[in-house]
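Line order of the protein sequences matches chains A, B and C.
Position 34 of the first sequence, counted from 1, bears residue number 34 in my numbering, the numbering being contiguous throughout.
Residues are numbered in my numbering as their position in the second sequence, beginning at 1, plus a constant of 343.
Residues are numbered in my numbering as their position in the third sequence, beginning at 1, plus a constant of 545.
Check before you lean on any hint, since a few could be wrong.
What the hints assert, rightly or not - In silico PhoX-like links for lysine-lysine, alpha-carbon gap of 20 angstroms or less:
#1 C:Lys-938 - B:Lys-524
#2 B:Lys-468 - C:Lys-1271
#3 C:Lys-1286 - B:Lys-468
#4 B:Lys-518 - C:Lys-944
#5 C:Lys-940 - B:Lys-524
#6 B:Lys-453 - C:Lys-944
#7 B:Lys-524 - C:Lys-944
No lab work stands behind these hints: they were computed from the structure.
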Amino acid sequence: MSLLAPSSPHAHRPLSTSHVMAQVSLATLPALGVLTWLFGWGSLINVMLAVTTAIFAEALILKLRKRPWRILMDNSALLTGLLLGLSITPLAPWWLPVLGAAVAVVVAKQVYGGLGQNPFNPAMVAYALLLVSFPLPMSLWPQPLSLQAEPWTFWEHLTHTFTGSLHAIDGYTGATLLDAFKHKGALTAEEFWLQTPVAQAVLNATTGVSLAYLLGGVYLLWRGIISWHTPVAVLASLLILAAFFYGADPSQYASPSMHLLVGAGIFSAFFIATDPVTSATSHKGKLVYGAGIGILVYVIRTWGNYPDAFAFAVLLMNFAVPFIDYYTRPRTYGHARAQRGIK
Amino acid sequence: MLAFVSEYPLLTAVGALLMLALVFGALLGYAEVRFKVEGDPIVEQIDALLPQTQCGQCGFPGCRPYAQAIADGEAINRCPPGGAATVQALADLLGREALPLEGGEAEPVKKVAYIREQECIGCTKCIQACPVDAILGAARQMHTVIADECTGCDLCVAPCPVDCIDMLPVQPQLKSWHWPKPSGPNAAFADRIIATDAQKVA
Amino acid sequence: MAKIWDFHGGIHPAEHKDLSLQVPLRQAPLPAYVVLPLQQHIGAPARPLVRVGDKVRTGQKIADRQAGISACVHASISGTVVAIEERPIAHPSQMQDMCIVIESDGQDTWVERAPLINWQSANAETLLAHIKGNGIVGLGGAGFPTLSKIQSGRAHQLDTLIINAAECEPYITADDTGIRHYPQELVTGIRILQRILQPQQTLIGIEDNKPDAIERLREATIGTNIEIRVVPTKYPSGGEKQLTYLLTGREVPSGGLPADVGVLCQNVGTLIAVARALVQGEPLVRRIVTLTGHALAAPANLEVRLGTPIDALLRVAQLDPQKLARLILGGPMMGFSLPNAQVPITKTSNCVIAGTLQEFPSAAPEMPCIRCGMCEQACPASLLPQQLYWFSKAKEFDKARLYNLFDCIECGACAYVCPSQIPLVQYYRFAKGEIRKEESEALKAERARQRFEFKQERQAREQAEKAARRQGKTASAVQMEPSVQKAAAPASTETLDLKKLKIQLAAKSVAAKKAQQALTQAQEAGASAEELAELTKTFQNAQQEQAQAQSAIAQATETPTATQSPSPDVAELKKLKIQLAAKSVAAKKAQQALTQAQEAGASAEELAELTKTFQNAQQEQAQAQSAIAQATETPTSTQSQSPDVAELKKLKIQLAAKSVAAKKAQQALTQAQEAGASAEELAELTQVLQEAQQAQSQAQAALEQQQVPKTQHIQAPPKAADAHLKQLSVQIAVKKVAFRKAEQAWQQAHSSQQGDLDVLEAHMLNAQEALHKAQAELATYQAQQSSASNKQVTQDGDQHLLKKRKIAVSVAQAAVRSAQKRLDNLSEIKDTPSEQLAAQQARLASAQAQLAQAQDALAQAASTRTQEIS
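The shape of chain A in the complex, shown without the other chains (with noise of 0.2 angstroms):
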């Protein structure tokens, strides 16, 4: 045995790749049960699919470019199809996770020269792509098991996702509670919510969902995976906001809280923005990309044409991740002032 070793240091932290991939995907699971719970065996199925693509394509696009297999290991793929399986709408059909899914890792990804090269977060990529493309399907969402007077069994939905021929049951099926606020026409919003009896039950699910990603986040950031930044910077600058335009008028704007709890904030806030290979890197960094999500979400939520937007206003930032780098950088010990941008 030889006693040689590469270079300094020769003590390193018990921390790996694949560890925070694993320990991200571990935080994602009570958020997956309380889906499982309140909406039905629908995410589960498609976090199923999603993950098998994923590391499937992985697998094959590593053997195509003949890199070792180990990089398999590192446990992204398995991250990002839960990701993307848990954003999908739990009716969707089988083909929109495995598109989404081999989407994300061979386009995404694989593409841009594997995982650290990517500029855009995988999942996020395939989702805003589904999205565009197959609204219909992507915009469809059960309504809470509670309101169903015969929920599905695993197998019926196993059933519905591979042929479809469940689909269009009555009462089952809703747009999202962001969807109907957004075009609840000239009802203020006191009128929205004494005419739509059903949505004080939605947004009693989707917040129980919401809390099981921050519970999944605090872990996250228990465990020192992700900085408290980026989702501090979504979540306040969204907050903010939102508590600005319903002070101003609370008929028309939505409450901040209703920002926070309905749609996809809190997953975003801990789970997309806080991709490391995407996002920005140094702590001011962090906070201006953070900040930037959450304004944009903000924007395109009130004033776009989608409901929610976490996908692009993600991707949008992720345009800006290098801009971001350049005119964040640190002032080096030793010197004087921060050099910024490249000369």
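Based on these hints, arrange chains B and C on the given structure of chain A.
Same frame as chain A, now just chains B and C:
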């Protein structure tokens, strides 16, 4: 004035263009004088990238003439001592395509001339051939190479009548040693371990 | 409590410090031998003061510092110097360096110590002189000579002296132990530095994980103006720049020194060494080394003599070789791993870690960077490690510099936290090394450029001077007449006579020139053959008169030189030389006449006559030359030189004369060819040429024969072999020249399709064969030589043999090359007979076979050698 303009639109247009030409011409002329660049800096820049071995392997008598020739359109891949790195640097500087090195290995081995002194007959031929005066000696006296000044250009080997000059690869020195580049994430496992370990694994 | 500033980043690795703190400090047993590298510090290596076989005593200076940044080395044990050679040293490159090896006599007898008893009242210069004489360098790790550091500090406005006791790296407890065992010496050392530097404040920076040491320091510094500043434990608080910021809030500017912000840092161990050097007169011969790691049964801190091999220390600490997985010199964060324990402890070795596989698992495979930014949070210099990594990996060194690569202190915090297990520090070290290499290469290229341009300039100048001299000569010849007329008062009658003669010569020259001009004009004007003949005669007469005048001058010159010269021989020689010059001129003129006649289309008879004249002139010239040669013999023999040398010289001169003759003959031949002379004439001329060449080679042979006894006589007997080798080389060179000439002649003949091709070719092939023979002779001789020496000394002989074989290979290669060239030449020429081609191919094949043989022999020699070595 206005009447003239409406009367003769063609003349007016021609006149306006003429005025514009005069104004911009004057501006350009001023800029030419004001921001004049001394000399032909591109040749200097090219010369700075060449390895200055003065070996003539490019077909020009020295690095500077080759730099001038490159500036005049000569191919950039004719410098074997500079290797692929120099070709790349020249390509970057001149915005040309980085061609593979003309007939030679891509990675040049640094060499230094060494005179087997017991065989030297002191003919001074190598001294005359050395482009950088790196050989020391006098007629019928043994010659020797100042290794620090030798550019490894090979030019002294051919004139030697007794073939007592060797081109030896430069040995690594403790002072000039530095850490090698790690093999990177895409290397297979066997490449990542040190040679001594690899033997043991095998 | 004074304010402690907090620096950015930093990490908290597991400390493992208590491992080596279980037992108190001990003295390591005296080693059987020590290996002391001449360079244990930053800067220039020391120069040895001892020779192999010298007896040295402990503390004796055995290597002196060089000027500039350097430090001396002292014997750390008493005994005998057994070697001064390259030995493996503790360096990540695993290379060797010059070391002095001392074998212990077991006595440890010290030299007379020279303490500075009254250091309290000594001035700074005296104190510094003692620090300089005792070889003290920074013991913290870098090994910067303490003298240079203090001096650079004194050049600045210093207000703060910082004592670095942070010792932030895991495992290491050497400074901790030093403070606990030698607090008084530490304080003395601090006071000595205070005396030199006169700082306004003195701060000891120590991490809060050393409560015992802090307690000892508090006790020892009561009543002094030394302040203790306890800093929170965080790696790398012991970095000089980080500690400076922690204690003073000042940042050391990039590329600068702490002295730039009025701070000087010194390590605890260094100050203890300073105190020992001044108070006890003990030079730096020992230091505290931490021996730790879980592969040791008895980890401890030992006071170790410098140069002690590490394996001796590991035995003391009871190493379990089964458990050992990694041997680290220095700390786990910045130290480097050693291939084995056969390297010595130096002034900068503070810790040896014998780690188990559990402590230091093999490096995990590098994964792609995920831009997580953990490295950036950990970097104590606020760099962007991941950007530096990308740039280093892509070799974009300009950008890496722009991102302040050189502000990286290589602390390893980034690589410690990297989840992708990227060896970041190695990437930075690689990039730094490449940048430094590029810089030094650019410097060298710049120097080469300057030297090249200088040489060109010089050559141009020399040429211009030569041209000017030539012009000046003709100009002075023209001006001769008036200037001489003006010269009213001659110095002596002799010079007057000489002058007259010279004037005559000038007049005659002018006449000759005029005659020549007339001749040329007549030729151009198309004058009749008779007229031409007449003019030619006039011209020849003029030339003769000119030659007479020249010889008259020569005679006149003889007289004054004879009276003035110290020996008649020299005068005689001069006379002869002048005669030779005159004869040369005559020969040249004859040649010119011949050429002109040829050009003018003179009749064959005339031409033959002229040729005869020319040949006569040449003969006379050659005679004159040989006369000179004979004359040269005499003076040199009268002078103290040995007759051999004189003989040699004579032969050489003869050779030169013969070469000139041969060259002339060749020229004549070429001219004749160009002029389209008849075949008979050509044959005649060719014969002349061949005779001349033969004469030349005879002269060469004679010279060589003469050289054999000479070299044997002059050189010492063991060197006779070398002389023979040289002689063979010379022979080869001569043969080569002969061959080349023959080849040229053949090629010329071939291209002009004239002359006796077969004869010439045979000639050329003979020459080639002779060359090959000579080369073969050299090779066999070398082989003999090597086999002879082989028997004498195996090791050296092998090396010799190897060299000889290599030479044989290169000779064979040359043969192949020339054969190839010949073949190429032949095949280029269209109608070469196929037999000729085939013959040449066969020759090439045999040369190649010889080469292969030689290469085989070389390979054999090489393999025997490697076998012996291994």
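Results for each hint:
no.: 1; hint: C:Lys-938 - B:Lys-524; in the structure: holds, 8 angstroms
no.: 2; hint: B:Lys-468 - C:Lys-1271; in the structure: holds, 17 angstroms
no.: 3; hint: C:Lys-1286 - B:Lys-468; in the structure: holds, 18 angstroms
no.: 4; hint: B:Lys-518 - C:Lys-944; in the structure: violated, 25 angstroms
no.: 5; hint: C:Lys-940 - B:Lys-524; in the structure: holds, 10 angstroms
no.: 6; hint: B:Lys-453 - C:Lys-944; in the structure: violated, 26 angstroms
no.: 7; hint: B:Lys-524 - C:Lys-944; in the structure: holds, 17 angstroms
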